[in-house]
Amino acid sequence: MPKVKIPTPLRQYTGGDKEVEVGGATAGEALGNLATEHPDLKQHLYTGDGKLRSFVNVYKGDEDIRYLDGPDTEVGDGDELSIIPSIAGGRC
Amino acid sequence: MPLKIGAGDVGHIHDHAREGYPEEVAGALIGMNVDGMKIVVDVWRAENTHEEERSRRFLIEPLKIKEFEERAEERDMDVLGFYHTHPDHPAEPSEYDREHAWPGYSYVIASVGSDNVEDMRSWTLKSDRSGYDEEPIVG
Chain A
1 MPKVKIPTPL RQYTGGDKEV EVGGATAGEA LGNLATEHPD LKQHLYTGDG KLRSFVNVYK
61 GDEDIRYLDG PDTEVGDGDE LSIIPSIAGG RC
Chain B
93 MPLKIGAGDV GHIHDHAREG YPEEVAGALI GMNVDGMKIV VDVWRAENTH EEERSRRFLI
153 EPLKIKEFEE RAEERDMDVL GFYHTHPDHP AEPSEYDREH AWPGYSYVIA SVGSDNVEDM
213 RSWTLKSDRS GYDEEPIVG
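Top to bottom, those sequences are chains A and B.
Residues in the first sequence are numbered consecutively from 1, following our numbering.
Residues in the second sequence are numbered consecutively from 93, following our numbering.
One chain only, chain B, in its complex shape (with noise of 0.2 Å):
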């Protein structure tokens, strides 16, 4: 299923990505389902908490979680997903990703440099776990 986000939002998670630069840095995705299409109408920063290489690493509290949730309820909207960061390295999911993920939810991926955001690609989790379906990100 295409992911659409606006210029504005992409723009947001670019600035997160940038500005968290060498750590990894993670978001919500906020929107809903609307004819075959996931819309993202807000991006949410979280914390990452991870306590430690957060180079390579992200965690994103429960607490945050259930908060966001309740957030996007209010407003008659849905947690779609999440974005997070890979830096100097491809926008793809690794192992460690695949292990922690969920069904559902969309799994953006910005790969960021020392300068700028290189690529930035959505993924979602097999049903089986065994791997990721890319899903086209349009604007």
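If we strip away everything but chain A, and leave its shape as in the complex, we get (with noise of 0.2 Å):
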């Protein structure tokens, strides 16, 4: 199963874990399943209409998925995904 590295503001929804193994064959299945298993990572990772928020971005080892197959881009065993945040804002 692929893992994935959680960043500091979610551990506090994986009961503190920096890494979790969860099942899927895809980059989206893996998400999709982990955001299943801790229900509260979900309004964090999704829009109200199901697509990654902006400033989430998940990387398959070193690579940006955007710049793979993006949510297909496919994990097996031992591959490791990152959820990586970029910070924005603004006064207005």
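Heads up, a few of these hints could be off.
[Claimed, not checked] Straight-line C-alpha distance at most 20 Å; calculated SDA-like pairs for lysine to any residue:
id, chain 1, residue 1, chain 2, residue 2
1, B, K218, A, Q12
2, A, K5, B, D170
3, B, K218, A, H38
4, B, K158, A, E19
5, A, K18, B, P195
6, A, K60, B, E159
[Stated by the list, open to error] Which residues of chain B face chain A? A partial, calculated answer using Cβ under 7 Å:
id, residue
7, P114
8, T141
9, R148
10, R149
11, F150
12, L151
13, I152
14, K158
15, V171
16, H176
17, H178
18, S186
19, D189
20, H192
21, G196
Simulated from the structure, these hints should not be mistaken for lab results.
Computed from a predicted model, the values in this text were never measured in an experiment.
Every residue, glycine too, gets a C-beta built ideally from N, C-alpha and C.
Using the hints, build the complex out of the two chains.
As structure tokens, this is what we get:
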């Protein structure tokens, strides 16, 4: 099963775990399973219509999955997915 | 939970805010949780890589966040949150800030004018993302 690295702000929803093993043959499936197993994570990863939030970045190893096959990026045993925040904001 | 920032680190944030004016600047708050208080022991500047409208927008790239997380971990510390500036605007989070915020992080906002930092306040996102709670900044 692939492993997903959890960034500091989301560890409160994984019982403090920095890394979680989840089932799934693609990055999208693995993240979906992660959100199913830890439901409080869901609203921070996905918008109301089920799309990954724009400031949620998912890397397979050192590659942003946006530049691979997106949610269809294949993952297997031993692969590591990392959820990495980008931090954005502004005054209005 | 109170956020403790010493005078030296407050000074670093204020210097960065003034140097960057009228653009927004941002950086990371590095430290640890001790006895119900977040203690900042260092502040690390980040480049505002937002492509346009940097007077009212900022962006810290994910690879920079990854680097911050790794550098903090090497020092047995955490990324407690981030600071950013609101040039000529109150130190209160905007709707745009809320849409882009993460739970758990402290978001320090400094209101900066042409001459000085007018105000600095810290906020955390509510767990249901509906708004913010203010947390006291202590010296």
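Hint check results:
Restraint check for K218/B and Q12/A: the C-alpha separation of about 13 Å stays at or below 20 Å, so the hint holds. Proposed proximity of K5/A and D170/B is supported: the alpha carbons are some 15 Å apart, at most 20 Å. For the hint pairing K218/B with H38/A, the CA-to-CA distance comes to about 18 Å; that is within 20 Å, so the pair holds. Distance hint between K158/B and E19/A is fulfilled; the C-alpha atoms sit about 15 Å from each other, no more than 20 Å.
Distance restraint check for K18/A and P195/B: the Cα-Cα separation of roughly 16 Å lies within the 20 Å cut-off, and the hinted pair is therefore satisfied. The suggested pairing of K60/A with E159/B holds, with an alpha-carbon distance near 16 Å, which does not exceed 20 Å. Because the beta carbon of P114/B sits about 11 Å from the nearest beta carbon in chain A, more than 7 Å, this interface hint is broken. A cut of 7 Å between beta carbons decides the hint on T141/B: the least distance to chain A is about 9 Å, and the hint is violated.
Look at R148/B: its Cβ gets to within about 5 Å of chain A, closer than 7 Å, so that hint holds up. Interface hint at R149/B: satisfied, since its Cβ lies 4 Å from the closest Cβ of chain A, which is below the 7 Å cut-off. Taking 7 Å as the C-beta cut-off, the interface hint given for F150/B holds, the closest approach to chain A being about 6 Å. The interface hint given for L151/B holds, since its Cβ lies 5 Å from the closest Cβ of chain A, which is under the 7 Å cut-off.
Of the supplied interface hints, the one on I152/B holds, with its beta-carbon coming within about 4 Å of a beta-carbon of chain A, less than 7 Å. Interface restraint check: K158/B against chain A, minimum CB-CB distance 5 Å, threshold 7 Å, status holds. Proximity of V171/B to chain A holds as hinted, the smallest CB-CB distance being about 6 Å (cut-off 7 Å). For H176/B, the suggested interface contact is upheld, since its CB lies about 6 Å from the closest CB of chain A, less than 7 Å.
Interface restraint check for H178/B: the shortest CB-CB distance to chain A comes to about 4 Å, inside 7 Å, so the restraint holds. Using the Cβ-Cβ criterion of 7 Å, the hint placing S186/B at the interface with chain A is satisfied: the shortest such distance is roughly 5 Å. Nearest Cβ of chain A to the Cβ of D189/B: about 4 Å, under the 7 Å cut. The hint holds. The beta carbon of H192/B comes within 4 Å of a beta carbon in chain A, closer than 7 Å, and the hint placing it at the interface holds.
This hint holds: G196/B has a C-beta 4 Å from the nearest C-beta of chain A, less than the 7 Å allowed.
Checked against the numbered hints listed earlier, the structure breaks hints 7 and 8; every other hint is satisfied.
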